[in-house]
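Enquirer: Starting from the known structure of chain A, arrange chain B on it as the hints suggest.
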Amino acid sequence: GAGVSQSPSNKVTEKGKDVELRCDPISGHTALYWYRQSLGQGLEFLIYFQGNSAPDKSGLPSDRFSAERTGGSVSTLTIQRTQQEDSAVYLCASSLGPDSPRDGYTFGSGTRLTVV
Amino acid sequence: AQKVTQAQTEISVVEKEDVTLDCVYETRDTTYYLFWYKQPPSGELVFLIRRNSFDEQNEISGRYSWNFQKSTSSFNFTITASQVVDSAVYFCALSDSWGKLQFGAGTQVVVTP
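Protein chains in written order, with our numbering: chain A, 79 to 194; chain B, 546 to 658.
These are calculated hints, taken from the structure and not from any lab test. Be aware that a few hints might be false.
Below, simulated DSSO-like cross-link-like pairs (lysine-lysine); rule was C-alpha separation at most 30 Å, straight line [unchecked claim]:
#, chain 1, residue 1, chain 2, residue 2
1, B, K548, A, K135
2, A, K89, B, K583
3, B, K583, B, K615
4, A, K95, B, K645
5, A, K135, A, K95
6, B, K548, B, K645
7, B, K583, B, K645
8, A, K135, B, K583
9, B, K615, B, K548
10, A, K89, B, K645
11, B, K645, A, K135
Only chain A is shown next, with the shape it has when bound in the complex (with noise of 0.2 Å):
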């Protein structure tokens, strides 16, 4: 597609429930990445995948938190039994890399995550 793809734009849950979602990288974009951000604050790095490389899950928060990426294209974080505190706007990106000369990380237009 032309742009990073998220979905579901919006999502209200209830405590304790497991919710996922989705995102779907630009065509041929090698590297895709999950941020979230909490109200007013700023963003905060969860999960990297590279290629066929293991992924850098240094910033998910609990193991509540997980994320796959199916054929080296679209990805899935999956947030199990929410807590109010999972509440933000998850926003992913993808990227071609630093082979790119002057290409950055694309964002998509995220999933604002409610738990009530």
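Expert: This is chain B only, laid out in the frame that chain A set:
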């Protein structure tokens, strides 16, 4: 460890004034990448510029200009003749080896007519 500091939390200007956003970074890597992103009220992060550590040329794009100085570990951003549409949160970010992107806290720019 990487760190990005944007000391200015909010800057308010009147239209047509210039505004400079400061960004100071810390990294032990010799190869790294610096970025600026704009986040308007709609929430989407818009890529503005990328600068590689080995390229210290300053850059101008329309009303935007960037001043990269390795000696002071700074990558400052200036908006010339600001407009209301420039009102947004601006983030400076740093990446090594094209992995994790470390963001600063952001600077809210408010441009009033």
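Enquirer: Would you mind marking each hint as holding or not holding in the structure?
Expert: Taking the hints in turn, this is what the structure says about them:
no., hint, verdict
1, B:K548 / A:K135, "19 Å, holds"
2, A:K89 / B:K583, "24 Å, holds"
3, B:K583 / B:K615, "23 Å, holds"
4, A:K95 / B:K645, "29 Å, holds"
5, A:K135 / A:K95, "22 Å, holds"
6, B:K548 / B:K645, "12 Å, holds"
7, B:K583 / B:K645, "19 Å, holds"
8, A:K135 / B:K583, "26 Å, holds"
9, B:K615 / B:K548, "15 Å, holds"
10, A:K89 / B:K645, "26 Å, holds"
11, B:K645 / A:K135, "10 Å, holds"
Hint violations for this structure: none, all hints satisfied.
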